[in-house]
Amino acid sequence: VQVVESGGDLVKPGGSLRLSCEASGFTFSHAWMSWVRQAPGKGLEWVGRIKSKNDGGTVDYAVPVTGRFTISRDDSITTVFLHMNSLKTEDTGVYFCSMISGYNYDNRRKTYHYAMDVWGQGTTVTVSS
Amino acid sequence: DIQMTQSPSSLSASVGDRVTITCRASQSINTYLNWYRQTPGKAPNLLIYAASNLRGGVPSRFSGSGSGTDFTLTISSLQPEDFATYYCQQSYITPLTFGGGTKVEIK
Chain A
13 VQVVESGGDL VKPGGSLRLS CEASGFTFSH AWMSWVRQAP GKGLEWVGRI KSKNDGGTVD
73 YAVPVTGRFT ISRDDSITTV FLHMNSLKTE DTGVYFCSMI SGYNYDNRRK TYHYAMDVWG
133 QGTTVTVSS
Chain B
147 DIQMTQSPSS LSASVGDRVT ITCRASQSIN TYLNWYRQTP GKAPNLLIYA ASNLRGGVPS
207 RFSGSGSGTD FTLTISSLQP EDFATYYCQQ SYITPLTFGG GTKVEIK
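These protein sequence lines are chains A and B, in that order. Counting from 13, one number per residue, gives the positions in the first sequence under the working numbering. Counting from 147, one number per residue, gives the positions in the second sequence under the working numbering.
Not one of these hints is a red herring.
The calculated label-pair distances, taken between Cβ atoms and stated as ranges, are: (1) A/Lys24 to B/Ser223: 47 to 55 Å; (2) A/His42 to B/Ile239: 20 to 28 Å; (3) A/Ser18 to B/Ser174: 35 to 43 Å; (4) B/Leu157 to A/Gly27: 34 to 42 Å.
To give an idea of the interface, some chain A residues facing chain B are shown, with a C-beta separation under 7 Å as derived from the structure: (5) Gly55; (6) Leu56; (7) Ala74; (8) Tyr115; (9) Tyr126; (10) Ala127; (11) Asp129; (12) Gln133.
Below, simulated DSSO-like cross-link-like pairs (lysine-lysine); rule was C-alpha separation at most 30 Å, straight line: (13) B/Lys188 to A/Lys63; (14) A/Lys63 to A/Lys100; (15) A/Lys100 to B/Lys249; (16) B/Lys188 to A/Lys54.
I should point out that these hints are in silico values taken from the structure, not numbers from a laboratory. Quick reminder that beta carbons are idealized off the backbone N, C-alpha and C, glycines included.
This is chain A alone, in the form it adopts within the complex (with noise of 0.2 Å):
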């Protein structure tokens, strides 16, 4: 079971840039996927997450991306895509791409306990000019 990024590059601000995060080892098309950024020295911070088609294929994204990213996913290739515009140079970072987990399904909220299982190695996106 593994997830492998790439795509990172160095970029200008106000640029664009897709990262790719290939899966094996599990059946991708029922995967939810995740997206995480770590800025230089910094802790973690959750980019946004798209659930598999069969639960709807909704995606959610944190309020600093929220407009400028879009992650989509290609299940024929066992491929997630992070789609990056208007690029800051607070964007920053290495990007790892995770394989979620749902565990202890909760009868009350309808839902189990996700978690980020299986993590990529990152690729680095650096904007500057």
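Once you have looked at the hints, place chain B on chain A.
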């Protein structure tokens, strides 16, 4: 958004020590709380899910407890590979949020 506050932000300990890290949520999150460990230059890895459940393959020296707003991660006997940064994360509602991290250093 739910704010997650970890304490301490860093601590020094020796191999074999018992270590406890706390995480507080700005509102009740039931048991929708996960813990991760990250060593320098590496990706995080999941240790505990749903506040107190050990992920498969994670050593039993790790344990988690709590519900509502207050949670703890305990390492019963610190090992060399445990010198790392630990993060809590709430999965109760989006946007998902992480605590600021607790760096465990060698004394």
